[in-house]
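Sequence lines, in order, name chains A and B.
Numbering follows the numbering used here, in which position 374 of the first sequence is assigned residue number 374; successive positions increment by one, without gaps.
Numbering follows the numbering used here, in which position 301 of the second sequence is assigned residue number 301; successive positions increment by one, without gaps.
Hint data in this document are derived by calculation from the structure and do not stem from the laboratory.
Careful: at least some of the hints might be erroneous.
Claimed, not checked - Calculated lysine-lysine pairs in the BS3-like style (CA-CA distance at most 25 Å, straight line):
id, chain 1, residue 1, chain 2, residue 2
1, B, K228, A, K182
2, B, K371, A, K82
3, B, K360, A, K350
4, A, K45, A, K350
5, A, K78, B, K360
6, B, K170, A, K82
7, A, K178, A, K144
8, A, K384, B, K192
9, A, K144, B, K361
Said to hold, decoys possible - Incomplete in silico selection of chain A near chain B, CB under 8 Å:
id, residue
10, A14
11, K18
12, I300
13, G352
14, E368
15, T372
16, D375
Just so it is clear, CB atoms sit at the ideal spot from N, CA and C, and this is done for glycine as well.
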Amino acid sequence: MSEIYSPSSEHEVADFIKNCNSQEIPIEITGHNSKPIGRLIQCSKSLNLKNLSGIIEYFPEELYIKVKSGTPLDLIEKELDKKNQELSFEPSDMGFLYNGKSNKGSVGGAVACNLSGSRRFRAGALRDHILGFRGINGKGEIVKSGGTVVKNVTGYDVSKLITGAYGTLVALTEIVLKVQPKNEESQTLLVNNINLKKALNIFSKSMQTSVEISGACFYPAKMSKFFKLNDLDTTTSITAIRLEGPKISVVERVNTLKKLFDEYKKTISVLENYQSRIFWQNTTDLQFFNNSTNVVVKIILPPVNTDQFINKFENEELKYVVDWAGNLIWAEIPENDSVLLRQLRMEVIKLGGHMTIIKAPNHVRIKEDFLTIVDENIKVLSLKIKESFDPKKILNPGKMYSGI
Amino acid sequence: MSTLLMPKIDQSVLNDREKIVRDLKRFTNPVNIVSDPEGIIPYETDALSAYKQKPMVVVLPENTTEVSNILKYCHENNIKIVPRGSGTGLSGGALPLADGVLLGLSKFNKILEIDFENRCVVTQPGVTNLSLTKAVEHNGFYYAPDPSSQIACSIGGNIAENSGGVHSLKYGTTTNNVLGVEIVLMDGTVMKFGGKKLESEGYDLLGLITGSEGLLGVLTEVTVKILKKPQSVKALLLGFQSVEDSGQCVSDIISGGIIPAGMEIMDKPLIKATDDYAKAGYPKDVEAILIVELDGTESEVNILIKRVEEIAKKNKSTYLRISKNDEERLRFWLGRKAAFPAIGDMSPDYLCMDGTIPRKKLAEVLKEITKLSQKHGLKVANCFHAGDGNLHPLIMFDSNIKSELKKAEKFGADILKYCVKVGGVLTGEHGVGIEKRDLMCEMFNDEDIQQQLNIKQAFDEKSLLNPGKVYPILHRCAEGGKMHVHKGDTKFKDIPRF
Numbered sequence: 001m002s003e004i005y006s007p008s009s010e011h012e013v014a015d016f017i018k019n020c021n022s023q024e025i026p027i028e029i030t031g032h033n034s035k036p037i038g039r040l041i042q043c044s045k046s047l048n049l050k051n052l053s054g055i056i057e058y059f060p061e062e063l064y065i066k067v068k069s070g071t072p073l074d075l076i077e078k079e080l081d082k083k084n085q086e087l088s089f090e091p092s093d094m095g096f097l098y099n100g101k102s103n104k105g106s107v108g109g110a111v112a113c114n115l116s117g118s119r120r121f122r123a124g125a126l127r128d129h130i131l132g133f134r135g136i137n138g139k140g141e142i143v144k145s146g147g148t149v150v151k152n153v154t155g156y157d158v159s160k161l162i163t164g165a166y167g168t169l170v171a172l173t174e175i176v177l178k179v180q181p182k183n184e185e186s187q188t189l190l191v192n193n194i195n196l197k198k199a200l201n202i203f204s205k206s207m208q209t210s211v212e213i214s215g216a217c218f219y220p221a222k223m224s225k226f227f228k229l230n231d232l233d234t235t236t237s238i239t240a241i242r243l244e245g246p247k248i249s250v251v252e253r254v255n256t257l258k259k260l261f262d263e264y265k266k267t268i269s270v271l272e273n274y275q276s277r278i279f280w281q282n283t284t285d286l287q288f289f290n291n292s293t294n295v296v297v298k299i300i301l302p303p304v305n306t307d308q309f310i311n312k313f314e315n316e317e318l319k320y321v322v323d324w325a326g327n328l329i330w331a332e333i334p335e336n337d338s339v340l341l342r343q344l345r346m347e348v349i350k351l352g353g354h355m356t357i358i359k360a361p362n363h364v365r366i367k368e369d370f371l372t373i374v375d376e377n378i379k380v381l382s383l384k385i386k387e388s389f390d391p392k393k394i395l396n397p398g399k400m401y402s403g404i
Numbered sequence: 001m002s003t004l005l006m007p008k009i010d011q012s013v014l015n016d017r018e019k020i021v022r023d024l025k026r027f028t029n030p031v032n033i034v035s036d037p038e039g040i041i042p043y044e045t046d047a048l049s050a051y052k053q054k055p056m057v058v059v060l061p062e063n064t065t066e067v068s069n070i071l072k073y074c075h076e077n078n079i080k081i082v083p084r085g086s087g088t089g090l091s092g093g094a095l096p097l098a099d100g101v102l103l104g105l106s107k108f109n110k111i112l113e114i115d116f117e118n119r120c121v122v123t124q125p126g127v128t129n130l131s132l133t134k135a136v137e138h139n140g141f142y143y144a145p146d147p148s149s150q151i152a153c154s155i156g157g158n159i160a161e162n163s164g165g166v167h168s169l170k171y172g173t174t175t176n177n178v179l180g181v182e183i184v185l186m187d188g189t190v191m192k193f194g195g196k197k198l199e200s201e202g203y204d205l206l207g208l209i210t211g212s213e214g215l216l217g218v219l220t221e222v223t224v225k226i227l228k229k230p231q232s233v234k235a236l237l238l239g240f241q242s243v244e245d246s247g248q249c250v251s252d253i254i255s256g257g258i259i260p261a262g263m264e265i266m267d268k269p270l271i272k273a274t275d276d277y278a279k280a281g282y283p284k285d286v287e288a289i290l291i292v293e294l295d296g297t298e299s300e301v302n303i304l305i306k307r308v309e310e311i312a313k314k315n316k317s318t319y320l321r322i323s324k325n326d327e328e329r330l331r332f333w334l335g336r337k338a339a340f341p342a343i344g345d346m347s348p349d350y351l352c353m354d355g356t357i358p359r360k361k362l363a364e365v366l367k368e369i370t371k372l373s374q375k376h377g378l379k380v381a382n383c384f385h386a387g388d389g390n391l392h393p394l395i396m397f398d399s400n401i402k403s404e405l406k407k408a409e410k411f412g413a414d415i416l417k418y419c420v421k422v423g424g425v426l427t428g429e430h431g432v433g434i435e436k437r438d439l440m441c442e443m444f445n446d447e448d449i450q451q452q453l454n455i456k457q458a459f460d461e462k463s464l465l466n467p468g469k470v471y472p473i474l475h476r477c478a479e480g481g482k483m484h485v486h487k488g489d490t491k492f493k494d495i496p497r498f
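Bound conformation, chain B alone (with noise of 0.2 Å):
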């Protein structure tokens, strides 16, 4: 476990523990307070578990009212709040704190109405983004944005890192899919942005909260659009002998007027890694990948594939197949999927890192990776969603060598740095929380990070909700740590990661 700088404890809380325990017990079922030494452990961290805390106290409340008296209660008496949703989240926005409450919000867990005249789903907080599609997919609707945890992670917690997934490029991450929230902020105020309609007046709050990763308010309720499923869905795999290549592939499709619903590189080292592990039949003798997925009516599929054909060739693509049937085209998606558990598999620690960049820039970034990965002398494998710029370097480690996690940490900073100096940004889905945060100054100055307090304290004039995530505590650069993964043993496991 590394360390990390956190708000100053509050002495003064943690001396009224047992006060405050009884108190919370008036606002929701006592049953719903969690504060025994052994049932507090599974709150202690989220998906980023190279970092650990254990909450002060757990509250899982039930409804929007008890939501809002907790919050009331903790504001007025100075207590932190930590909200968490499944705790799926890859960057620490849900690390508890020692003298925080940590809210948790499994409980709001009921899909409340399904409204195909509006095309939209009015849901509680905690259910997963997976249930949702499920809850409509019987009249051939489906919800778009599609996290790799999306078995598991809740759609609170989609709409707090504006989660992404590998079909953003066409359909948009989770801000473009959202049209409303019921919202309670620190001093207990409950507030609706949004609703069925499509767009609202006044300040742009529901774009403004989603992303913010818990530091402006307690989502109780959401609204989301729902899409019709496309008719007709097929993929190609492609083949290079260079990374170049591949990436030329991608501006081309993208300057020949086609918007795939999908484009994945991988670069060798991962080639490698997922097919020993996933056996997905992936040609051996190329330099990169390229998974191109493409959707729409059956005659448009066609034309598009032909079109993206004739691009590959011109990029010299040494290898082309096409999906026959749906279980193909899957399976040209099964080694991209496992690449986090094959990485796991081929190393004993790897961190996980979430740069975009301008998708131009992908060979000079995957260059200067590789002359990182000799620097630092730790091996490292590529993969990246082509369609919007967001790189997943995969870096392997050993943790029982003393002095490996810092340097992999470190490796990583170089690789977002370097996303940033080539235009890029720090992270593209995964949010700041408390892996990012001591590099925000890369991407901004002291103006820029002091407006972005300023909002906040329009919310939280206390600064009580979630501190110490996403903006510097000293206002000074570090490097963070990442998501780190010991013998493949990650928070969740058997949730796929791409």
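The shape of chain A in the complex, shown without the other chains (with noise of 0.2 Å):
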């Protein structure tokens, strides 16, 4: 077990992290401890920041929130929502994978983890999401970027550098997020029984309109037993589209999608308002893969490619959701097939895209790259750019990769 040290001030994340520096100390940094993600890693000490916590500033009308880093998103939310506002990224609850409950974690987790839910495609990741941001170094410094306004062009968008690097630049103290305002209304055209190919020519076609949907995801048949919602059919495959914004406007492009996809009418369905929300937030948590004991992998293709993906491994134990419009898969292998672990990785890397292990028991974490990276420059350029910030790698070190 590793040292834990958890500071209520910046001051003293910045003195703690300079002592380590100065005797080359390892630090893990933690949150919530909502999401063990990343390669497993032992370091001597660790450094909680949840007692770094609390709104700082939060102005509506400005469309932002400037929070410390271990601010439990969930307090974020509600404070957001009531002033009707949230975040549109739609953060994911991880603690439903993880753990098999509810747990969203420290908002300073889910910016080094770069995680966002299935209205991506349309709004964005975190990453455009984050406005500002402060944090110490490895040298113990304090550094600083961004602002609280949306147009910036100030120096280098570090605070894109520092979304997803998984705390390896620097230990997050404070964050600065866009805001948005809440959908009015939501609704969720569904076609029962029909493949991934006809799906994901639904979503090409829906996204050729000017419709503007906000959610496009496909349940093979049998992955969609979990869902507790009247209106919905689990006996066959879901496709399910999203449209959001005033009502009368989602009526009526819920009808021009209707019509636009006619040939399937006999098993289009809609999910009203308070239903479709519960589809999407449950799809956005991952809870097909509630409390999962085998290896969860996020992979992202190019969508073309998303179709000839899955039916390369039809015949495998493969478990999977494709949601962002065919862009994102999320995928469950048994916990010892290593083989189809790597086989997977292979063709994704083929087809132009990359596979992150999401959740994996500790034996995998430690024998397989947590990510795929495959061109040998970027691992070097990558290696710089962290010695730029913590020249004695003693952040998070070998969480991304060995090195890194």
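Dock the two chains into a complex; use the hints.
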């Protein structure tokens, strides 16, 4: 067990890191421990940021919220909800995947992992919603970048660089996120019992119209049993498309799509506002892999290659759900099948994508690559960037891959 | 022309000029090397034309291999490089160096692939912003970021500056619309960040190089996402008796849960100037006008128009017109888009500033600008991308009167310092370049700047790529120059600027 230090001020974080840096002591940075993600690392010291908690300022009319990094995401969303606003990248509640129950974790953890929900292809990822940050680099220096305004080109966009860096560049202390008004209405058009190829075709056709869809996912048969929604037929495959906005516009757009996909009229149905919101929340939260004991991976592909990829593995023991209008596949494979895991990764590379291991037993986290970075030049450049923040490589060393 | 401190000239490189020119001819067709004194004149400045410098030599490579070989050669021989797209930048990011190679990307002018299935376009970086939309509009698609110079500015330059436009509140800036790039580092290494997929793993290198002003690498290929055009677009033209009311109206629209496609405020001096110039038919008896553009489905737009109308009335608007058709909507924009030339018509010279402020501070900042205008004895007119808080004060002066340029630059620096003081930033969309370089310490302390310089080192250890830009050379704060326009004579006067 490493020694855990839980500071309650930025100044204390800086002093702690400065000290560790001078003695070259590696530090694992943690928040609410909701997401054991990345390579398994062992450090003699652990820096827990959950006591750096609280909303610093929130101006709804300015569309931003400034918070301390250990603030529970839950708390932030509740505060935004009071003003009818939200984080429109739909942060995932990974607690269901890791522990079978809700735990959204801290905002710093969400930023470090850059995880975004089903609206990602329309609204952008978390990295598109970070406006600024303060944090401590590996030398114990306070560094900041960005601000509270959307339009800002003053200096490098370091906020994007630290997003998705898994705490390997800075220990975050403050974060500014863009917020957006909540949509008045959400409805979901469902088509049952069609195959993935047809589903992808529906997504593509919908996006070639002006109806502005904000969710597009596919559940193969048997993957949707966990839903408890009265109006959802879970006996066959589900193809779902979300429409959001003012109610009158949503109704109009649902009707436009119904006409467009008239050939499926026998299996088309609509989830109204309440159930539609639950459907997408459950999807964003990966409830289809609730408390999985297997290996869960996130695969990103150009959407035209998604069907080819799934077909290649149709005879394998591969459970999957497709989201982001075909850009994302969540897949689960048996925990001891490292051959299949590697086959998946090779095929993903061949088709121009990448695969990240999101959840795995420790023996897999030690043995297998967490990320898929094949270009050695990118590895070299990433290492130089790491060293520009953290020359002695003491912040989450090896969390992404060896040396980073 | 103003003087400016630039990196120390490397005399040994200048002494070798003839050999370097000869060597460069090995890497590309010799006709792509411009070294005669006449030929390099067009490259001596970008759209910040107050500053001019002839480069040592201009090279116009034709493909990635050539760029890579040229950069590798320059890296090995300690020769500085300044990359340049269309040269429409307003902050001097493409200002050449006397001992540097100017690397023009104008021959990278082909769209490589239009992929409607994956909703993206793969293009060379020298292609203009507007050509991307032109290439996909037959299928009802467009490329969202629309900087005012879109007719001439290149997509590579847009990525270097993270260009915005009037629709960035709803559709984001360049960084939210780029999927991938091919980039050549200073040592000649070629890499790809991102691609046709929605996101990448590892450090967000694509996010980092977007807006890095040509300091980290040279782009040779770009993949951007394209969007389907909205079904319906309408605009409201609103008039107010005070700037405060117009600003409050903007805040209330956003608090009311509406994100318009665009919102623009103009103050009285600008309304008068643009109306005299463009005959846009703006109301003359108001202190401020606000243009609100809404898009979506027909019925959605109609509902939103009604809501905005109610909010405007609550905020004491004294003038309200709703566009009946596209022609009328474009007329609302006509005066706004004529703002820069209209001021050029009124005043022999002007400087255009580019700070971003929290929206709620608009009235306060405009009051301060009025005060500063009296203090410096120079007139000013203001336009404001109200949706995203981006303010463009236009400072009027006459460079024939000795010391007026200096006075105008001081005025401009005071405005930007005030923007930072109220929680804003130095530049929203024009970039830092050389223009705001020496004001960077208004926003950042030494540790922040050192961290950014360390990142630069990771990409370019010898600091040969576009040195002297963005970061202060001596780590000190002084007033920089601004976009200076003399007798309406902008570098690209046919390009609308707003």
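How the hints compare with the structure:
1. The suggested pairing of B/K228 with A/K182 holds, with an alpha-carbon distance near 22 Å, which does not exceed 25 Å.
2. At most 25 Å may separate the alpha-carbon atoms for a hinted pair to count; B/K371 and A/K82 exceed this at roughly 39 Å.
3. A threshold of 25 Å between alpha carbons decides the hint, and for B/K360 with A/K350 the separation of about 50 Å lies outside it, so the pair is violated.
4. For the proposed pair A/K45 and A/K350, the alpha carbon gap of about 40 Å is over 25 Å, so the pair is violated.
5. Simply put, A/K78 and B/K360 have alpha-carbon atoms about 24 Å apart, close enough for the 25 Å limit, and the pair holds.
6. For the hint pairing B/K170 with A/K82, the CA-to-CA distance comes to about 22 Å; that is within 25 Å, so the pair holds.
7. Between A/K178 and A/K144 the alpha-carbon distance is near 17 Å, which keeps this suggested pair within the 25 Å criterion.
8. At most 25 Å may separate the alpha-carbon atoms for a hinted pair to count; A/K384 and B/K192 meet this at roughly 17 Å.
9. The suggested pairing of A/K144 with B/K361 holds, with an alpha-carbon distance near 23 Å, which does not exceed 25 Å.
10. About 11 Å separates the beta-carbon of A/A14 from the nearest beta-carbon of chain B, more than 8 Å, and the hint is not met.
11. With a cut of 8 Å, the hint placing A/K18 at the interface with chain B is violated, because the nearest CB-to-CB distance is about 12 Å.
12. Because the smallest distance between the Cβ of A/I300 and any Cβ of chain B comes to about 5 Å, under 8 Å, the interface hint for this residue holds.
13. Hint status for A/G352: holds, given a least beta-carbon distance of 6 Å to chain B, under 8 Å.
14. Restraint check, A/E368 versus chain B: the minimum CB separation of about 14 Å is more than 8 Å; hint violated.
15. Using the Cβ-Cβ criterion of 8 Å, the hint placing A/T372 at the interface with chain B is satisfied: the shortest such distance is roughly 6 Å.
16. Here the hint on A/D375 is kept, as its CB sits about 6 Å from the closest CB of chain B, short of 8 Å.
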